[in-house]
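Novice: Residue numbers (this note's numbering), protein chains in the order written: chain A, 10 to 345; chain B, 8 to 292.
Do not rely on the hints blindly, as some may be mistaken.
Claimed, not checked - Chain A is faced by these chain B residues, among others (derived, beta-carbon under 8 Å):
no., residue
1, 119
2, 120
3, 128
4, 130
5, 132
6, 135
7, 155
8, 225
9, 227
10, 229
11, 253
12, 256
13, 263
14, 264
Claimed, not checked - Here are the simulated EDC-like pairs of lysine to aspartate or glutamate, each with C-alpha atoms no more than 20 Å apart in a straight line:
no., chain 1, residue 1, chain 2, residue 2
15, B, 48, B, 61
16, A, 149, B, 195
17, A, 151, B, 19
18, A, 253, A, 241
19, A, 253, A, 242
20, B, 173, B, 142
Worth flagging that the hints you see were computed from the coordinates, not collected in a lab.
Being a predicted model, the structure only gives us computed values, none of them experimental.
Virtual Cβ for every residue (Gly too), placed ideally from N, Cα, C.
Take a look at the letters that make up each chain.
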Amino acid sequence: MRKFILRYLIPRFLQFLTITFVGITVTFIIPRLSPTDPVEAQISMMMARSETLDPQSIASMRAALTDMYGLSGSPVQQYFAFWGRLLRGDLGPSLANFPTPVSEMIGQAMPYTLSLLVTAVIISWIFGNLFGALSSYYPKNKALNVIEVLGQAVRPIPYYIVALVLLVVFAFFIPIFPFSGAYPIGTRPSWSIGFIWTYIKHSVLPVATLVLVGFGGWFIGMKSLTSNIISEDYVVYAEAAGLKGIKILNHYIMRNALLPQLTGLAMSLGAVFSGALIMEVVFGFPGLGMLTMAAVLRNDYSMIMGIAIYSIIGVAVAVFLMDLIYPLFDPRVRYQ
Amino acid sequence: MFRVLRDLLRYDGRFRFAFILLAAVVVMVLLSFVSPDDPNKTFVVAMDAPPSLEHLFGTSSRGQDIFWWLTFAVRNSLIMGVITAAISRVIAIIVGLTAGYQGGWLDRVLMSVNDSFVIMPLLPILILLGFLLRDMMNLFLLGVVLGFFGWPYDARLIRSQVLSLKERSFTRTAVYSGTNGFWITINEHLPFVLPIVFATTINNLLWSIGMEVTLSVMGLSDLTTPSIGTALFWANQHGALVAGVWWWIAAPALVAIILFLGLYLFFASINEYIDPRTRLRLIGG
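Taking the hints into account, I'd like the entire structure generated from these sequences.
Specialist: This is the structure:
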């Protein structure tokens, strides 16, 4: 157990701290490197909106904004103050919806994004691996070859374009799925069966986008991993012993290739998360992606900053959690 | 070079398909130089005309011929992709070679920074950056910015190659004959990793053009320059789908799919060709 903590748990925890540290530091540095002063930009934007601002209120606003952006004091002081506010969970108020805190709005949007993301990642991972293993074990199967070609053809296309094509085809030309949103305007989110059903109907295309783009990667990864395993002696022995194909595939081949794929899942979370954000913009799904888009349109700097910070921490935590459950699957780590 | 091309064309169906798609892209890029329309001028042709022989992809609500406008878009998107690829290649090679050859604490520090960049969701960070640089953003700057974020994955790949090169006898010979570490990495190791660098360049190109689409549709790039992303941005801005001008959305989407699929198949084919083990399977010795 001690060896497990020292050799496995502590390095993983250090990696988690590194990701958070690098990510947060990058978001701290970026606004300070940018040639435009965010405070002045914000003030000129407010002045453009309403002309009735007297110099005194502008000065007080400038002081308040400088404080809010954490731009007072030396860079080192600023950096520590920045971490201090983060650790207290205080990301300031949203500039566009003034007194509402950024954290609260992100908290409201998060469940929508998470529900799509988790569903899509699980579906694409399971099906990609399953079909990948099948395709390397039965290389002559026509249907599997067709699936492979289609999967590989969608894989390089950006999430935005795939989402757009699905939207145009399945909501515009063949209107079997709703055009936009997570539920019709006027309905209230609740846990009733009717609402859950409409929610699922609205989620099909967004989830399909993430699944279609993700599937090909898992497929080809599993195929190349298992292509070496298939010629191993123990697989040949199992075949000679007359075991059923499905049993060989399940117990002898896939088991040995799942671990690298699990690591790959942790490594790809950030990219899938980015994809989920932009996919939401296409479907008007009220999650973090829409929140980002609205913040960009309304020049809500603190919101964009908050979303960047929350996304980095969220993905880092997810990867760390996956590292924690990894020993359950890997006997080498488990028996240490 | 030509032999490689001939082999690939003869033996790899995927490469043939990629070749056709990329040839179409190249033709579009070349056509941009003889375009009858200036992409910066609006209302030069009739508005909202569906695709026809006269206007291959139809015309937009801004009175532009979509086909000719897209020829500029493809050219600009590719130029931006090449800028990104060039910058991120340099960083990836430096980081990968150094981390792999030096090892020790430098390797650990570089790789943990590297892994952080692989795992972090880059889009929110790029949106933050794009938002702050919005007033001065142009395609060149966007290419540079993306270049500074597009290296980590390839740096790791290069490092893993160097780790095995380091154990080979020619590296030992060079070390014992007194060559310093810098020249070993440049003269002895770099030539070995260049083929991978080439293959990953194409992948990086895909990534950066895709990122440009993503950032542009959010309005975070120079919207006056034609690019695949800005084409979609303007179509959305004018509510093309709601207005029934579907070809304004479909045309850039189609061009993007041709470009991405062509580049990806090209990458996949080259990647198998570079690896001697898979090359045998591909062209049969």
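Novice: Would the pair residue 149 of chain A and residue 195 of chain B pass a check requiring their Cα atoms to be no farther apart than 20 Å?
Specialist: At roughly 43 Å apart (the allowed maximum being 20 Å), residue 195 of chain B and residue 149 of chain A break the hint.
Novice: Minimum Cβ distance from residue 128 of chain B to chain A below 8 Å?
Specialist: Result: holds, 4 Å to nearest chain A Cβ.
Novice: Checking hints one by one. Is residue 229 of chain B an interface residue toward chain A, by the C-beta closer than 8 Å rule?
Specialist: Violated: closest Cβ of chain A sits about 15 Å from residue 229 of chain B, beyond 8 Å.
Novice: Double-check residue 132 of chain B for me: the hint is only fine if its C-beta lies closer than 8 Å to a C-beta in chain A.
Specialist: Residue 132 of chain B check passes; min Cβ-Cβ to chain A is 6 Å, inside 8 Å.
Novice: Would the hint on residue 225 of chain B be counted as holding, given a Cβ-Cβ threshold of 8 Å to chain A?
Specialist: 6 Å, holds
Novice: Are residue 151 of chain A and residue 19 of chain B close enough, with their CA atoms no more than 20 Å apart?
Specialist: Between residue 151 of chain A and residue 19 of chain B the Cα gap is close to 19 Å, so the pair holds against 20 Å.
Novice: Is residue 48 of chain B within 20 Å of residue 61 of chain B, Cα to Cα?
Specialist: Measuring from Cα to Cα gives roughly 19 Å; hence the hint holds.
Novice: Given residue 263 of chain B was flagged as interface, is its beta-carbon under 8 Å from a beta-carbon of chain A?
Specialist: 5 Å, holds
Novice: Close enough to count: is the Cβ of residue 155 of chain B nearer than 8 Å to one in chain A?
Specialist: Violated - the Cβ of residue 155 of chain B stays beyond 8 Å from chain A, reaching only about 10 Å at its closest.
Novice: With a cut-off of 8 Å on the beta carbons, see whether residue 120 of chain B makes it to chain A.
Specialist: 6 Å, holds
Novice: Holds or violated: the hint that residue 253 of chain B contacts chain A, with Cβ atoms closer than 8 Å.
Specialist: 7 Å, holds
Novice: Could you check if residue 264 of chain B really has its C-beta closer than 8 Å to a C-beta on chain A?
Specialist: Status holds, d = 6 Å.
Consistency note: the structure conflicts with the earlier hints numbered 7, 10, 16, 20.
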